[in-house]
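Q: Spelled out, the chains give:
2 protein chains.
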Amino acid sequence: MKRSKAERQRLLNDTMEETPFINDEQLATMFSVSIQTIRLDRMELSIPELRERIKSVANNHWDETVRALPMEEVIGEVIDLELDKRAISILNIRSEHVFSRNKIARGHHLFAQANSLAVAVINDELALTAKSELKFTRQVKEGERVVAKATVEGKTDKGLRIVQVNSFVGQEIVLTGNFHMYQSNEE
Amino acid sequence: MKRSKAERQRLLNDTMEETPFINDEQLATMFSVSIQTIRLDRMELSIPELRERIKSVANNHWDETVRALPMEEVIGEVIDLELDKRAISILNIRSEHVFSRNKIARGHHLFAQANSLAVAVINDELALTAKSELKFTRQVKEGERVVAKATVEGKTDKGLRIVQVNSFVGQEIVLTGNFHMYQSNEE
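Protein chains in written order, with my numbering: chain U, 433 to 619; chain B, 433 to 619.
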């Protein structure tokens, strides 16, 4: 079913609000149009390209610093962070992240992105993983970009901080689960 | 309580049978004697040094080849493997595996060792992780050696293979849990 241009641009706007880190290729597939059409739509709607949108999110919303580890020890690029609340990072899946044989991302790299984001979001000098429960719901291939979103959800009976993490490629969830984090002291 | 030499050597023999990959430092701590005393005990009991014991286990019991991935993609050194049954690997925790700040091993390296062992033990060309449930029960420090033991435990309702993994430093468990593995076909 072919959509009118107005209809497509309205949906495009909605999609960008829900998933600001979707790229032009994914949008083109979603709307069954060419990438060039998506680019023209974005220009007409004054939606900047992905790289600019990521920068903008980082500049607008991110005024905190990770505490539990040096920033360079986070796996993936942190683009949003509010300590003890939420964090977002991006990991581009390259050749070093995949099985040589089938180019599918290895589980421990997706784990590393999610786990280090769970560490980063904790507002404490010390944050250690006590438990993890994860589902890997879709294969991730070389060349895809994984957006991980961590949300601090409260505490367990034992006082461990629960961090929920969902990782996406485009709008598809690829990893979902939670970490129980030990931290050294209460804020 | 100081043990007699005969008593200590009897316990040492038992300990070596249960945990053949324990090292002299750990034994010295366990028996509250010097490392030199442990070495002399081993000589008298004709127990070879750790390196030789590891080689011996590898040579005696390991006559299979991993199928789901090239051996060099396994994180850690596989020292025992029986496809679809069990596998053991060793990972020496070095500076690149730890948080710079506190020298505690990062969760994703322990995950990587356990997860890649779970992949390696599957007797199939394709093995992918669908789910993991893990507890990190003790911090692992730089310089420690982690022995991961994977056991294939049957199948879930959905036909996923369950692999139980326990990782140890000496006799202490540091990681325990399981992976649900998708494989491409039945043998």
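Don't read these hints as lab results, they were simulated from the structure.
Mixed in with the good hints there might be a few duds.
Heads up, the list lumps identical chains together, so a pair's fine if it works in one copy or across two of them.
[Unchecked claim] Distance condition first, Cα-Cα at most 27 Å in a straight line; then the derived DSSO-like pairs of lysine-lysine:
{"hint": "1", "residue 1": "Lys-581", "residue 2": "Lys-437"}
{"hint": "2", "residue 1": "Lys-535", "residue 2": "Lys-434"}
{"hint": "3", "residue 1": "Lys-535", "residue 2": "Lys-573"}
{"hint": "4", "residue 1": "Lys-517", "residue 2": "Lys-590"}
{"hint": "5", "residue 1": "Lys-587", "residue 2": "Lys-517"}
{"hint": "6", "residue 1": "Lys-563", "residue 2": "Lys-434"}
{"hint": "7", "residue 1": "Lys-535", "residue 2": "Lys-437"}
{"hint": "8", "residue 1": "Lys-434", "residue 2": "Lys-587"}
{"hint": "9", "residue 1": "Lys-434", "residue 2": "Lys-517"}
This one's a predicted model, so the numbers in the text were calculated from it and none came from an experiment.
Q: Against each hint, give a clear statement of whether it holds in the structure.
A: To see whether the hints hold, each was checked on the structure:
When the C-alpha separation of Lys-581 and Lys-437 is checked against a cutoff of 27 Å, the pair qualifies neither within a copy, at 32 Å, nor between copies, at 58 Å. Taking CA atoms no more than 27 Å apart as the test, Lys-535 paired with Lys-434 passes in neither setting, with 34 Å inside one copy and 57 Å between copies. In this homomeric assembly, Lys-535 and Lys-573 come within 27 Å of each other (Cα to Cα) only inside a single copy, at 6 Å, whereas the closest approach across copies is 32 Å. Taking the closest pair of Cα atoms, Lys-517 and Lys-590 come within 27 Å of each other only inside a single copy of the chain (20 Å); across copies the shortest separation is 35 Å, beyond that limit.
In this assembly of identical chains, Lys-587 and Lys-517 lie within 27 Å of each other by CA distance solely inside one copy; the values are 13 Å within and 37 Å between copies. For the identical chains of this complex, Lys-563 and Lys-434 are neighbours neither inside a copy (48 Å) nor across copies (39 Å), given an alpha-carbon limit of 27 Å. Within a single copy, Lys-535 and Lys-437 get their C-alpha atoms no closer than 36 Å, and across copies no closer than 56 Å, so neither meets the 27 Å cut-off. Taking the shortest alpha-carbon separations for Lys-434 and Lys-587, neither the intra-copy value of 48 Å nor the inter-copy value of 45 Å comes in at or below 27 Å.
When the C-alpha separation of Lys-434 and Lys-517 is checked against a cutoff of 27 Å, the pair qualifies neither within a copy, at 41 Å, nor between copies, at 53 Å.
The structure fails to meet hints 1, 2, 6, 7, 8, 9 from the earlier list, while all remaining hints are met.
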